[in-house]
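Go ahead and model the full structure; you've got the sequences and the hints to work with.
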Amino acid sequence: MLDPAPFERAAAVGLPAAGVTHAPAARFEWSRIPGVAYTLAGLCLTFALAAKGFLDPANLANVGMQSTILLMLALPMTLIILTEGIDLSMGAVLTVASVVLAATVVGTGSATLGLCAALALGAAFGFVNGALTAWVGIPPFVVTLGTMGIAQGLALIVTDAQSIVGMPVTVTWWYGGFLAGIPVPIVVAVLFYLATHALLYHTRFGTYVFALGGNPEALRLAGVRADLYLVGVYVLGGLACGLAALVLTARMSAGHPTAAIGLEFEAIAAVALGGTSFEKGNGWLFGSVLGVLTVGVLRNGLNLLGTQSAVQVAAIGVLVIGALLVDNLRSRR
Amino acid sequence: MSAVAGVVQRRDWSGDLKAVGYRLIAVAALCAALALVSDAFLTWNNVLNVLRQAALLFLLASGLTLVILTAGLDLSVGANVALSACLAGTVMKATGSPLLGTAVGLGCGTLVGAANGTLVASLRIPPFIATYGMLWVVHGVTYWYMAGSTVHGFPAGFRSLGSGYWLGIPIPVYIMSLFLAIGALFAQRTTWGQEIYAIGANPVAARLSGVPINRRLILVYTLSGAMAGLASLIFLARLNSAEGDIGESLTLPAIAAVLIGGTSLFGGVGTVGGTLVGALILTLVLNGMNLLALNPNWQPLVTGVIVIAAVCLDMLTRRRSRA
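Line by line, the protein sequences are chains A and B. Counting from 1, position 27 in the first sequence corresponds to residue 27 in our numbering; the numbering is continuous, with no gaps. Counting from 1, position 303 in the second sequence corresponds to residue 1303 in our numbering; the numbering is continuous, with no gaps.
Simulated from the structure, these hints should not be mistaken for laboratory data. Here the structure is a predicted model, which means the values were calculated and not measured. One or more of the hints may lead you astray.
[Stated by the list, open to error] Below, simulated SDA-like cross-link-like pairs (lysine to any residue); rule was C-alpha separation at most 20 Å, straight line:
hint	chain 1	residue 1	chain 2	residue 2
1	B	K1018	B	R1189
2	A	K52	A	G35
3	A	K280	B	S1264
4	A	K280	A	Y201
5	A	K280	A	V318
6	B	K1018	B	M1315
7	A	K280	B	M1315
8	A	K280	B	K1018
9	B	K1018	B	S1264
[Said to hold, decoys possible] So the derived label-pair ranges between C-beta atoms look like this:
hint	chain 1	residue 1	chain 2	residue 2	range
10	A	K280	B	L1185	36 to 46 Å
11	A	F127	B	T1095	52 to 62 Å
12	B	G1210	A	K280	23 to 33 Å
13	A	D160	B	L1017	51 to 61 Å
14	A	L194	B	V1305	29 to 39 Å
15	A	G306	B	T1095	25 to 35 Å
16	A	V106	B	N1046	55 to 65 Å
17	B	V1305	A	Y201	34 to 44 Å
18	B	T1043	A	Q162	26 to 36 Å
Every residue, glycine too, gets a C-beta built ideally from N, C-alpha and C.
What follows is the structure, encoded as C-alpha cells:
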C-alpha cells in the first residue's frame, strides 16, 4: 500500500540501537487518553439518562463481569497489534478451546485437565499463527483468517454442532463464584491485567514487543532473535484464549460451537478505541482496558434499551471507524 | 518486477499463462481423482452443479482479485452479499418489480464498496481493518433490517438468473463467462488495469509515474462491492429466499479462490482468469467432500487449510524466482 514505513525503517537501520535501548517503557500517551475516556464518560452519561437501571450497582458489576472475557482477548491483542500484527482467529480459537475444555471435563470430570487441554490447544494455534507469520512471512491477517476457519471447523467437528452441557461447580465457580466477596471473573480480570502490564512494561519481552512494531530491523541488527519473540506474542494470545475459555465455559456452563465467533472483532475494536495504532508500535495497554469497558458499556446500555445484538456490533464498528478517523486526523496534524 | 515498465510498456503475460496452466492441470487431476472415487461425480447434473457454484464464487472473487492486485484486501464481501440480497429481496417483494430489486442490490453493493474505497484510499486506514470494520457494520445493519425475518418467493423471470438454463447450460455460467472476458480485458488490456497492477507491484513507482492512486483504489473497492452486489442477486435468484445470515460463509471461500488462483497477497501478480481456476479448484474440493458424504462441518477447516497452503505456495515460488 502507500505505507511510507519501509523508508522510515530503512532510515532507522542506520541507528540500530534507537528502538531497543530507549524502550518506551510505561510511556503514557497523554494526548490519547481523552479520546477513549471521553467516549466512555459520554456513553455512561447517555445511558445513565436514557436507560433505566444502567446505574444499578448490580448492572455495573454485570458490565465488569461480562467484560472479563473480552479483556482477556483485548490485552494480548494489544501486544499483537503493537508488533504490527493482528489475530483474527481469537474468537474461533476461544470457541474451540471452550468446547474442548467442556468435552474434557465431561469425559474426565477434572476441571484442571480441561484447562490444560484448552491452554495446550490455544498455545498450539498461537504457535501456528506465529510460525507462519514470523518464519514463512505470510501477512498475519491472512494467516489468522485461515486459522480462524480451521478453529471454527474444529469446534463444529468436535461437538457435531451440538452444545456440550453438564459443567460441574469446579468450572462454573470461575464465573459465578466469589473470592473474598468479589466476583471471581473480576479478580481474574484484575490479575490478568497486572500480569500483562508487568510483562509489557517491566520485562525484556515487553521492550522487544514495542521494538517489533517500531523497528524490527534494529532488533535484528542488535542480535535479538526477533522471530522467536514474534512467535511468543502469538503463543501468548493463544494461551490467553485457553484461559478465557475457562471463564466462557463457566459463564454458559456449557461448551457451545459458536459461542465466541466474532469476539475478536470486539477485542480489536477495544484496542483501536484504546488508542493503540495499527502501525509503528504505538500503544497503551491501559487504553485497551478503557476500550474494553467502552465496548462493554455500549453493549450493556444498548441491551437495556432493547437493541438487538447485531445492531450493537454495528454500533461498535461505527465507533471504531470513527476512532480510526480521529486518530488519522491527529497523526496528520 | 518493475512497475514503471508495467505502466509504460505492456507486460509480458507468459508467466501468468504458465501459472494458470499449472492450475488447470490441478483441476484436471482433481476431476480425474474425483471421477475415480465417486460414480456420482461425472454425471451431467453434478458437473453443472459444480459450474453453477463456481460461477457464483468467481463473480464474488473477481472483484476481490482487483483489490488484492493492489495489495489490499476486502473482508466485507460476504456481509455485503447478505445486505445486498436482503435489500434486493425485500424491495422486489414490496414493489413486484425485479428490475427495481436488481438495481437496489447492485446499488447497495456498489455503495458499500465505495465506502470501503474511501476509507482505504482517502482516509488511509489499513485495508484489512477498514473492510473488517465495514464487515461488522454491514452485518449489523442487515440483521437490524431483517429483524430475523425471511423474504422469499420471487418472480420466475428473476429466479431464472440463478436457476435457469439456456441451451442446457445454467445461466450463471454465461454470466460468469461474460465477466471473465470483461475482467480479463479490463485488467490486462486497459490503462486502468495496468495501473492497478502497477499500484500493487510498487506504489511509490506508480505514484511517481503519475498513476492517480487514490482514484484507482476507490475504483477497485467499488468494483469489488459491485461484484458482491451482482453475486448477491444470483445467490438470491438461486435460493429464492433471503435472510440475514446468507452471505456469512462466503468471504473465506472468495479469498481462497483468489489466492489459489495465483494472485499474490503482496500485489501486482495474478490474473482474473486464474481466479476462475481457483474458484473451480475450491468448488471441486468442496463438491468432492460432499460426494464422499463428509460432514459439512469440515468445510471451514478445509477452506482455512487451503488458504494458508495457497499463500505458502505463493511465498515459495516468489522466493525461488527471486533467488
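Against the structure, the hints come out as follows:
As the CA atoms of K1018/B and R1189/B are separated by approximately 19 Å, the hinted pair is consistent with the 20 Å bound. At most 20 Å may separate the alpha-carbon atoms for a hinted pair to count; K52/A and G35/A exceed this at roughly 26 Å. Distance restraint check for K280/A and S1264/B: the Cα-Cα separation of roughly 24 Å exceeds the 20 Å cut-off, and the hinted pair is therefore not satisfied. Pair hint K280/A plus Y201/A holds up; C-alpha atoms about 17 Å apart against a cutoff of 20 Å.
A C-alpha spacing of about 24 Å is found between K280/A and V318/A, which places the hinted pair above 20 Å, so the restraint is violated. The hinted pair formed by K1018/B and M1315/B meets the criterion: a straight-line CA distance of about 17 Å does not exceed 20 Å. This hinted pair does not check out: K280/A and M1315/B have alpha carbons roughly 24 Å apart, beyond 20 Å. Simply put, K280/A and K1018/B have alpha-carbon atoms about 39 Å apart, too far for the 20 Å limit, and the pair is violated.
Between K1018/B and S1264/B, the direct Cα distance comes to roughly 15 Å. Compliance with the 20 Å bound is thereby established for this hinted pair. Taking 36 to 46 Å as the suggested C-beta distance range, the pair K280/A and L1185/B conforms, at roughly 40 Å. At roughly 54 Å, the beta carbons of F127/A and T1095/B sit within the given window of 52 to 62 Å. The supplied range of 23 to 33 Å is met by G1210/B and K280/A, whose beta-carbon atoms lie about 29 Å from each other.
Judged by the Cβ atoms, the range 51 to 61 Å given for D160/A and L1017/B is violated: they are separated by roughly 45 Å. A hinted range of 29 to 39 Å for the beta carbons of L194/A and V1305/B is consistent with their spacing of about 38 Å. Roughly 31 Å separates the CB atoms of G306/A and T1095/B, a value that falls within the hinted 25 to 35 Å. Between V106/A and N1046/B the CB atoms are about 40 Å apart, so this pair departs from the stated range of 55 to 65 Å.
In this structure, V1305/B and Y201/A meet the distance hint of 34 to 44 Å, their C-beta atoms being roughly 38 Å apart. For the hinted restraint 26 to 36 Å between T1043/B and Q162/A, the CB-CB distance of approximately 33 Å keeps it satisfied.
When the structure is compared with the earlier hints, violations turn up for hints 2, 3, 5, 7, 8, 13 and 16 and for no others.
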